[in-house]
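For the sequence shown, the UniProt record's numbering assigns the number 1 to the initial residue and increments by one for each residue that follows.
Any given hint could be a false lead.
Once the Cα atoms are required to be at most 16 Å apart in a straight line, the calculated EDC-like pairs of lysine to aspartate or glutamate come out as [what the hints assert, rightly or not]:
1. K136 to E220
2. K18 to D151
3. K263 to D132
4. K18 to E56
5. K18 to D178
For each label pair, taking beta carbons as the anchor points, the in silico distance ranges come out as [stated by the list, open to error]:
6. A65 to D132: 41 to 51 Å
7. Q90 to Q17: 42 to 52 Å
8. T71 to S29: 28 to 38 Å
9. Q51 to E281: 54 to 64 Å
10. Q110 to T21: 26 to 36 Å
11. T21 to D172: 21 to 31 Å
12. Q271 to N31: 48 to 58 Å
13. E220 to Q271: 16 to 26 Å
Please keep in mind that the hints were generated in silico from the structure rather than gathered at the bench. Idealized CB from N, CA, C, for every residue including glycine.
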Amino acid sequence: MILSMTGYGKSVTQLAQKKITVEIRTLNSKNLDLNMRLSNAYKEIELPLRQLAASELSRGKIDFAIHVEKTGIDSTTQLNTQVLESYIQQLKTVQGINLNDTVDDSRLLQIASKFPDVFATQIEEVSQEEFDVIEKTAIEALKAVNQYRLDEGKGLKDEFILRINNINKLLDQIKEVDETRLADIRTRLEKAVSDLKEKVDGNRFEQELIFYLEKYDITEEKVRLKNHLDYFVETLDNELSQGKKLGFISQEIGREINTIGSKANHATMQQLVVQMKDELEKVKEQMLNVL
1 MILSMTGYGK
11 SVTQLAQKKI
21 TVEIRTLNSK
31 NLDLNMRLSN
41 AYKEIELPLR
51 QLAASELSRG
61 KIDFAIHVEK
71 TGIDSTTQLN
81 TQVLESYIQQ
91 LKTVQGINLN
101 DTVDDSRLLQ
111 IASKFPDVFA
121 TQIEEVSQEE
131 FDVIEKTAIE
141 ALKAVNQYRL
151 DEGKGLKDEF
161 ILRINNINKL
171 LDQIKEVDET
181 RLADIRTRLE
191 KAVSDLKEKV
201 DGNRFEQELI
211 FYLEKYDITE
221 EKVRLKNHLD
231 YFVETLDNEL
241 SQGKKLGFIS
251 QEIGREINTI
261 GSKANHATMQ
271 QLVVQMKDEL
281 EKVKEQMLNV
291 L
């Protein structure tokens, strides 16, 4: 199974006097980078919600927002009459105000009511009932994010299988070329020696030739590369998303491809190696987004 680190989830719960909205966005990141946004009135429940998000999402850059909108009568907001009276008395001392005009008194009240701290909001503790509702809403949003990640992961898996299959096909072509490659190298070397028109020790030449050809032998690299490719596909079907593990396997695949390229000494094989590297680079680009 493959999970993408890109995801989005939203859940809304409507209570009698409040509307609770949890919205979560995730992007790729090497580690867990969790940013929680909620009002000061709900800071006391941030830690358990943060732990919940970390346990469900495990890795990625996460924007976790909780919005609580009051839709009913707000009983926590009260008029601070002492502050209001103080503002009115101060306004009355301002030069030019006609104190005998009742309209002006009404105007003073209108002005003073817009000043700070006239309406005081009492911060209430979050009740267990409200926390349970918020937690349930958050869980629903997290499920939506994980479903989004799963859907995105299916597309990533198809892309990986396509690229790995392409590398496998190129490896088969390399095996075909390799059947005659060493013989061609041997022929070139023998011709080069004969063109020198110098006598050489046949036994010594044969020993040196064998040693030289052994340096270009890629039998082990072909076997290891095939094993790594098979292991990559096998890991794709793991019950858990294994982004980091797949990254390590792709590094090993790259090492074997590079070694084959360095030993190739054959134009056709080197061209096939370049195509392999191109396919592997496409795998690595997508790997950055795998959980």
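Do the hints match the structure? See the list:
1. K136 to E220: Violated, because 55 Å separates the two Cα atoms, which is more than 16 Å.
2. K18 to D151: violated, 32 Å
3. K263 to D132: violated, 64 Å
4. K18 to E56: At roughly 26 Å apart (the allowed maximum being 16 Å), E56 and K18 break the hint.
5. K18 to D178: Judged against 16 Å, a Cα distance of about 72 Å means the pair is violated.
6. A65 to D132: 41 to 51 Å: violated, 19 Å
7. Q90 to Q17: 42 to 52 Å: The hint (42 to 52 Å, Cβ to Cβ) is violated, given that Q90 and Q17 are roughly 36 Å apart.
8. T71 to S29: 28 to 38 Å: holds, 36 Å
9. Q51 to E281: 54 to 64 Å: violated, 38 Å
10. Q110 to T21: 26 to 36 Å: holds, 34 Å
11. T21 to D172: 21 to 31 Å: Violated, at about 54 Å.
12. Q271 to N31: 48 to 58 Å: The hint (48 to 58 Å, Cβ to Cβ) is violated, given that Q271 and N31 are roughly 39 Å apart.
13. E220 to Q271: 16 to 26 Å: holds, 22 Å
Checked against the numbered hints above, the structure breaks hints 1, 2, 3, 4, 5, 6, 7, 9, 11, 12 and satisfies the rest.
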